[in-house]
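Can you join these two chains into the complex? Each is in its own frame, and there are hints to help.
From first to last, the protein sequence lines stand for chains L and Y.
Heads up: the first sequence runs through residues 396 to 649, numbered per the working numbering.
Heads up: the second sequence runs through residues 805 to 1079, numbered per the working numbering.
These aren't lab readings, by the way, just hints derived from the structure by calculation.
Model, not experiment: these values are computed from the prediction.
Errors might be hidden in some of the hints.
Claimed, not checked - Part of the chain L face toward chain Y, derived, beta carbon under 8 Å: (1) Ala450; (2) Leu452; (3) Thr478; (4) His480; (5) Thr482; (6) Met484; (7) Trp486; (8) Met495; (9) Ile499; (10) Gly547.
Glycine is no exception: its CB is placed at the ideal position from the N, C-alpha and C atoms.
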Amino acid sequence: MTAILTANAVTKQFAKDDAAIVALRELTLDIEEGSFVTVLGRSGCGKSTLLNMLAGLTTPSSGQVRYRETALSGPDTSIGYLTQHDTLMPWRDVVRNVEMPLEIRGVPGGERKRVATGLIERVGLSGFEKHYPRELSGGMRRRASLARMLAGAPETLLMDEPFGALDAQLRTELQEELLRLWQGSGQTVVFVTHDIEEALLLGDRVVVLGQVGRILLDREIGLARPRSADDLRVDPEFVALHRELSAALKGDAS
Amino acid sequence: MTLAVTEAGPVRVGLDRTWWQKHGSTTIVWGSRLALLALVLVLWQIAADRWIDSTFTSKPTEIVKRLGEWSGDGTLWTNTWITVQEIIYGFLLGAAAGAVAGFVLASLNLVYRVLDPFVLALYSIPKVALAPLFIVWFGIGVHMKVLLAAVTVFFLVFLNTAAGVREVDRGLIDAVRLMGGNRRDIALKVVLPASMTGLLTGLKVAIPYALIGAVIGELVASNRGLGYLINDSAAQFDTAGVFASLVVLSVIAAVLNVVVGLIGKRVNRWKPLDD
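The following block holds chain Y by itself, in its conformation from the complex (with noise of 0.2 Å):
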């Protein structure tokens, strides 16, 4: 015996519009966008010297010309080199152990009711604050900067992944028991794919944190890297040098920002039921 679906339901229709009508809107923020960075660079830039003292701003031009020479000598590749490394190893470190942690002690009720204010206490501390306990431990090589920022992600990874963990539906959780499920059952296939949504957000937050946890450690003490360059320019009033440091840094923030972008997609394929 068949039975028909015989609900109503949305239905669709083609619809005919031109490029502008479905371009439009996003041309119009594109265009805004680079002319309010070109109006910004070029007002920088007649000021410099003009009406403000280029020791203290530099200026666009000058900017350029030290990438430029940045560029040409090769200083610029081995330090962003060593930065990015620091934010990947210290992102997968952090993130790895975070997940695993988060999984694991919050599916065990009674250990996570313990643990919970410790976890939080030392979330709560700056990272910032660890920096000089990490130089005394691993010395001031990539070791420290990968640690600072793999600490940081750690807890991010850690207490998003543990609330997902912890929110499961009770009914799900019912249902693969009805099913005859056991233990296991439950952890593989109710609360692993429903704490996948934790964890992803978890990662998608952590990312520019091990960005911050990577320079900082630089800037703390180091002899290479993006936080170095800066630190040494600075020490040397080379603002010029400041200013491309934190171009390649924004750069390397906004590509890790489409990174997350692509992880969001990919949280939203499926939601929970009721939302």
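Pulled out of the complex, with its shape left as it was, chain L reads as follows (with noise of 0.2 Å):
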């Protein structure tokens, strides 16, 4: 396969009075086409530094990010970035919010509002169109969030800790739900977490950032799909890829 998006040698560090905090030092990753990567990390390794450069909002301060060969010099449209925190628009409610990506391209009124209320039937939303985003629980908020992002049809999906706020139980519905989505899709994934389990249950390849973005791991995962939170708690091999995460995890802070 391809590598679609590429960070090459990419550094970040950001200035404050005399000094610089370095986020990330020279950190080189390929993601290849298709394919759905977990990025896991703890807290301040620069996980979301990277993915916002993946994402274009931020330029590296050396090092350079490509995408499809070309370096990327801005937010491109077909990648679709779900960011830690809600950023819907609280004046507008669900569809106006989902539609915006279609509204900022020039689709015309009646195609946009068929698009949005197909995927927000998609993410499980129906019945909530009219309603404003502060009326909405979490987990509802993250699932318009969703159906916004895919209205842009990105072919790379971006996420940061989406599901990282929300209760247990809700955590594996929508992971669950994400890999539905996903399969079949052909949509290549970035998905950035600080939970070992759910690297693995979602993940083709698992990459372990240490601090400052060093890599301290990078693993394919060889888990048969569909994979089901309760019964990978139970297999052996499973067991074993999270006791070597767990390790590499562990290893950087000493």
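What follows is the structure, given as structure tokens:
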């Protein structure tokens, strides 16, 4: 498979007074087209910085991000990004939020409405079209954000701990839904998480990041799909992988 | 493939409440307000001429009589209408200028940073201090009061709108950039709606100041309006006339506060996500 998204020796530092805080140092990573890659790391290891650069929101201090062989200089509409925090427009109801990427692209009203309604149904929010974000629960807002991202029909999805703030049951549910939505779509996914189980449940490949984005482990996950959280937990292969990733994360601290 | 929402959520149940359970506390509050008002008026009436000299405090019956006279000969209506016009024009002018200037200047980060201290300095000037200058520039007619009210309103609307623009959630702007939006999309689809809360707050706090600006202008120099009535009555030691004018001003203020309340309801329809 060919690499669709590449980070080539990217470094990111933030200047503060006379010092610079290094978030990432010389990270190199290839993402193959159509794969589901999970990036696992503890808080503050530069995961979000990495995704912001892959999305084109921030430019690396040095190094280069390439998408389909061209250098990425700004956001690209074929890359969808689901951020950690909700960025639904609070003054728009669910349909109008989901329609937004199409609106900006200049798609006519009738068509917009049709696509948005279809997506809202796919993420299971039917009946809540006219609700404002603050009238929805956290899980429902995540679903709406997911629908909005999909409305842009991106071929690559970046997700930054999208289910981090949800309760365990709801998280499992949304993880399985995400897998169902992804399977057979041919989309590439980069999914950032701090949860080992989540990384293993979702990914074809897990990249473990240490401090300032040092790659501690980069491993293919051969677990058979479709995967279910309940079955995996007792699978010996899963248990072994879990131990391996956990050891890699701990190794960084010492 | 369809996914179902299976989250637990709040459940609505019907509730059977009596009229008193629903409206009891509101009734008590309104009843007490009326009782308090009546008590004050009665005490005032009794005290006048008995314990205090009514030359200084007048008395409720005198004030009502004066209002009746003025309303009969039209003095009340013409002067009130003048003041109301000054308030409305001053408010509209100041609010429009403040909203546009706030939105444009706050969007230009560098310009805003340069101008910020000057704007705050001008804002801090008591507006009554500008009155003499405005008289020189515009005479003592209606224009001067309209502009005095407008200047007061302008700063309040400007500062609130600018704050609204500058506090726009960075994440929302990034979201639009990710959708391929350009600067125009960001301004129209994120910054403008996001600054509405600030603008409406500005309008809300500015309404009473339009009244204050107009009346101060009339008090400084005028030959018409409620401020003039107050000055004129006081000059003739006609305290009943002063109080009658103040009653009318309070009524106007009360009506404006109802308008403020309506704006507040509109603001609260949606709110930012995290609060």
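> Which of the numbered hints are not met once you compare them with the structure shown?
Replying inline: Nothing - there is no hint that the structure violates, so all of them hold.
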